[in-house]
Amino acid sequence: MRIALFITCVNDTLYPRTGQAVVRLLRRLGHEVVFPESQTCCGQMHYNTGYRREAQRLAVRFVETFADADAVLAPSGSCAAMVRDNYPRLGEPGSRLDRAVADLAPRVYDLSELLVDVLGVTDVGAYFPHTVTYHPTCHGLRLLKLGDRPYRLLREVRGIDLRELPGAAECCGFGGTFAVKNPDVSAAMGSDKARNVAATGAEVLCAVDNSCLMHIGGTLERGRTGVKAVHLAEILASTEQEPARL
Amino acid sequence: MPAFPEAARTATRDAQLRHNLRKATHTIRDKRDAVVAELDDWSRLRAAGKAIKDRTLRHLDHYLERLEESVTAAGGTVHWAADAAEANAIVTGLVRATGERDVVKVKSMATQEIELNEALAEAGITAYETDLAELIVQLSEDLPSHILVPAIHRNRAEIREIFRDRMAAWGVPAPDDLGDDPRALAEAARVHLRERFLRTRVAVSGANFAVADTGTLVVLESEGNGRMCLTLPRTLISVVGIEKVVPTWSDLEVFLQLLPRSSTGERMNPYTSTWTGVTPGDGPQEFHLVLLDNGRTDVLADTVGRQALRCIRCSACLNICPVYERAGGHAYGSVYPGPIGAILTPQLRGTGSAADAALPYASSLCGACYEVCPVAIDIPEVLVHLREEVAARPGHLGEKAAMGAAGWVFEGERRLGAAQRAVSAARSLVPRRLPGPGAAWTDTRDIPPIPEESFRSWWRREGRHGRAETDAPAPGQVRRERPEQSEQAERSERPEQSERGEDGRR
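Chains as they are written, first to last, in the working numbering: chain X, 3 to 248; chain Z, 12 to 517.
Watch out, some of these pointers could steer you wrong.
[What the hints assert, rightly or not] Part of the chain Z face toward chain X, derived, beta carbon under 10 Å:
| no. | residue |
| --- | --- |
| 1 | Arg24 |
| 2 | Glu111 |
| 3 | Ala168 |
| 4 | Phe208 |
| 5 | Ser435 |
| 6 | Ala436 |
| 7 | Ala437 |
| 8 | Ser439 |
[Unchecked claim] Far from chain Z, by Cβ distances over 12 Å, these chain X residues were calculated:
| no. | residue |
| --- | --- |
| 9 | Gln22 |
| 10 | Pro131 |
| 11 | Thr133 |
| 12 | Thr202 |
Source of the hints: derived by calculation from the structure; they are not laboratory data. Quick caveat: nothing in here was measured; it's all calculated off a predicted structure. Just so it is clear, CB atoms sit at the ideal spot from N, CA and C, and this is done for glycine as well.
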């Protein structure tokens, strides 16, 4: 299958490893991947902060970039949710944007959805000999309703030791500009999440969204816990021949 | 009143408060989860509650007129109050006409919203709260911090101190040897309040619902204090928001299931009192209904925001909200705290003040509040809608500039690539502690190391030259679990698409 990557601005700039892992993983599974270079950002930050017009312009760019893609993979739960849940609220009903979104949004997938629902695999041949705990992230949990898909993928990884995360469904406190506008509450939420992560004894915190991982991971780093924040894609791309670097 | 971020700072640093809030919200949310899970038709009840409220709000004028007719026919008197001042003047006038100087109160959000107790005090009338938690708040000259559990921020030891120090000034004193176990505290409150119930001749209540068909008002409560207030005094004055009306008793039936399970985590609340006008020789002989607008018709005019008027004040959104759990109710600067307060308050009061403009941002948009809401208020949707209103106001120059700049960069992939190269080039210069707004980040979190190269740049250099290990998926590898995907897969097999090069859309 030919899969168009939407690498998202945060992944592109700060976490290129995630995109590289996705490319490696999908090629290993026998699929063709393309990266339409006119892509930039989904506009989530603008939309969530109240800058609708700016978000609209980025939505137009997104649908133009990916209009003829068969499947779009966004290795970021919140960006996939932005396209699927919020883009339909951006265009006037019946407008060009509205019609383009209605056409494209159902073909935009998170990594676990693409693998499990579209490509029909749960065992991707990965090897990752570490203790891992999984944070489901709010957008993955409540907007995309990923359910147990990420766990089904993780359970098939050779060598992995999965640990249940207490209070998993609770928000980590990142929330885009929330982390800057309400730093004290955001930090309090982050430190509670980090404490729960550390309590599992896991070496690795896994999630499908690098923004949440940046927030929790940064808190774990500051606390000198030694726990590493790693995107699901990197765990799934990891093999015995080419193990993920921690 | 400081704006939310400042007010929350104090709360997040109060370890005792954080502990009290965490314990209380987690207890209630676990109870709620258990009793909601018992019903296999919860999602349909929720949809029914939403539909009834929406239909009623769409024809609000009709149902309010019907309510007025029914209440009047049952011997009550209906008063219309456009705002808080008008409502307070009506109630004060009604109490004065009885010649009494004391009133007992059933816990009511509407009377707190209009600050009725303060207005009565100015007129020389003392209002006595009879709900246990409201009593604690009143005795300690505090403010409520939760819709359902106004004294949620207090623990037993604190409550014992409040009773011992303050009860005597308000009536029957607490016993000298008062301990801090719940039974002793409840008994002290019972003795203190009983004397008050038997002596006071005027009561003020709110209502959870008002049934238009019969003119019946409904209060749900847990302690029996409400029923005492609703039956013993001679005069009963109920202050009710206009959105509380429901058309019929069969509509009410839906909410009598939704509300207790969502709020206290009970299958049915201990006391459900209904009253219809007056009955000679039984209960209050004079009944007044004050219908309160106070900004509600403005909310109704907003097609996105009006869903906030569906709220049945269950407080499930407060109990699930991670922001409320850390910040506490006082930080919201309103009688409506938590997620519902963050959308209701700025709608009722407008977003003109700094405190009200900060409320729509007092959320990480995690969506737990929407998921738990028994009438399916999409709180995140309204929050974003209100943020648009706030962002469109004058000011926020720094933020507007930043959003504009980010938008400009993202509107061109070349600009984004250049910005990424600049960031990568400066990677060794980024300090561990950032200045300006970035300091909020680096105070408690490390920033991630900036990579040498963006994905985009890696793709151009190396990524695009790679090929799939096999040209086509192995047979059976593409399984389509969702029907719409088979069509996509067909399209993917069209030759013009598979022949398109990787750079085809550049």
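Okay, the hints, checked on the actual structure:
no.	hint	result
1	Arg24	8 Å, holds
2	Glu111	45 Å, violated
3	Ala168	24 Å, violated
4	Phe208	41 Å, violated
5	Ser435	9 Å, holds
6	Ala436	13 Å, violated
7	Ala437	12 Å, violated
8	Ser439	15 Å, violated
9	Gln22	6 Å, violated
10	Pro131	23 Å, holds
11	Thr133	22 Å, holds
12	Thr202	19 Å, holds
Going through the hint list in order, the structure does not satisfy hints 2, 3, 4, 6, 7, 8, 9.
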